[in-house]
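Number of protein chains: 2
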Amino acid sequence: MNILPPALTKVIESFEKLPGIGPKTAQRLTFYLLHIPQEELERFSENIISLKKNTMLCSVCKNVTTQDPCPVCANPGRDIKSLCVVQEPTDVLALEKTGMFHGRYHVLHGAIDPLNNIGPDEIYLDQLFTRITHPSDQTEEIILALNPSMEGEATAMYIQKQFSNIVSEISHPIKITRIAHGLPVGADIEYADEVTLRRALEGRRDY
Amino acid sequence: MNILPPALTKVIESFEKLPGIGPKTAQRLTFYLLHIPQEELERFSENIISLKKNTMLCSVCKNVTTQDPCPVCANPGRDIKSLCVVQEPTDVLALEKTGMFHGRYHVLHGAIDPLNNIGPDEIYLDQLFTRITHPSDQTEEIILALNPSMEGEATAMYIQKQFSNIVSEISHPIKITRIAHGLPVGADIEYADEVTLRRALEGRRDY
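Chains as they are written, first to last, in the working numbering: chain A, 2 to 208; chain B, 2 to 208.
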């Protein structure tokens, strides 16, 4: 016998659909919502509804934004010679927090993942190539900041290969670089996995 | 420079207020919501708004319900001689899943916790005593199914003490029991903490 009221079950089911939220967590969150004031629940609801209505993708870099072009693309202070390719809008946030990168971004919204039927056409790769082959484009360095995973690697390789095909269309030289893979700060060599250690060795630099 | 659109920030902030959801998780959930269809977002919102509107507390047992009295209290098949006192509505769900208990419940909606300013008046304790001292009440056993924590212990002790004060008002005998504390099924004695082991020894039974 299910003694849970439908009003609760519905919210539990909505929460369960979110990534990383299991049935127990969904239940805990829902019962927690019962304790917060109705006005706050209504504000929460409105924010969810207007989430997609008030946002769009920047026509230049495909990042999530409220204005087009987005603040980064519209900022004349950013270095237009440097273009950082990332998988997700959250990666832009993480890179911006470092305060180290002053160029522009291109957000792919995913990575090539044949096992999940995500090919080059499912992510914003064409837009990347259209962007760099545009006559007015002044990109001199494409920095690949993709995840060090199978999908990230596949995407990096695809970009490298496609780039060699279109490089003749570009009037000025462009180099492709990728962010370093190696030991994260604070890690122990003893506990590092072999692949990370191998990458760290391969990527060694003069001291 | 905050490059996150306000529509996103608002949802992230709403998620962050939920228990166990930190800034990173809130961000991940919000970006995930961007990928799901608007209709589903609207359904999610409606469910949250109607959560409290469509639910109330049962006037008998204080459990969350859509009808008063709740299905458990209204069910003539339940044993009216047995009353199980729990802290939260989710505890009722957990106990119902065992299929072992066929009596009725009383939900306190918390436990006595002086450090957080939660005294006996902040939870539904008075209602418990009013309920069992009512002339028509036929409770013969009160089962305390409170959490084995400081707060749960304090609440159990308070109930025991108050009960001895009011026992003269009740015409028939009532006994108070509590669920067993001991080793959970599947646990290793080697790794059990001393308090649990002590409880398990104290609570030993004839084999």
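Hints were generated in silico from the structure; no laboratory data involved. Incorrect hints may have been included.
Identical chains share a label here; the pair holds if one copy fits it or two copies do between them.
Subject to a maximum C-alpha distance of 30 Å in a straight line, what follows is the list of computed DSSO-like cross-link-like pairs (lysine-lysine) [stated by the list, open to error]:
hint : residue 1 : residue 2
1    : K54       : K98
2    : K18       : K162
3    : K176      : K18
4    : K82       : K18
5    : K25       : K98
6    : K176      : K54
7    : K82       : K54
8    : K176      : K11
Quick rundown of the hints versus the structure:
{"no.": "1", "hint": "K54 with K98", "result": "within (27 Å within a copy, 41 Å between copies)"}
{"no.": "2", "hint": "K18 with K162", "result": "neither (37 Å within a copy, 46 Å between copies)"}
{"no.": "3", "hint": "K176 with K18", "result": "neither (42 Å within a copy, 45 Å between copies)"}
{"no.": "4", "hint": "K82 with K18", "result": "neither (41 Å within a copy, 41 Å between copies)"}
{"no.": "5", "hint": "K25 with K98", "result": "between (33 Å within a copy, 13 Å between copies)"}
{"no.": "6", "hint": "K176 with K54", "result": "neither (38 Å within a copy, 60 Å between copies)"}
{"no.": "7", "hint": "K82 with K54", "result": "neither (33 Å within a copy, 55 Å between copies)"}
{"no.": "8", "hint": "K176 with K11", "result": "neither (52 Å within a copy, 39 Å between copies)"}
Hint violations for this structure: numbers 2, 3, 4, 6, 7, 8, all remaining hints satisfied.
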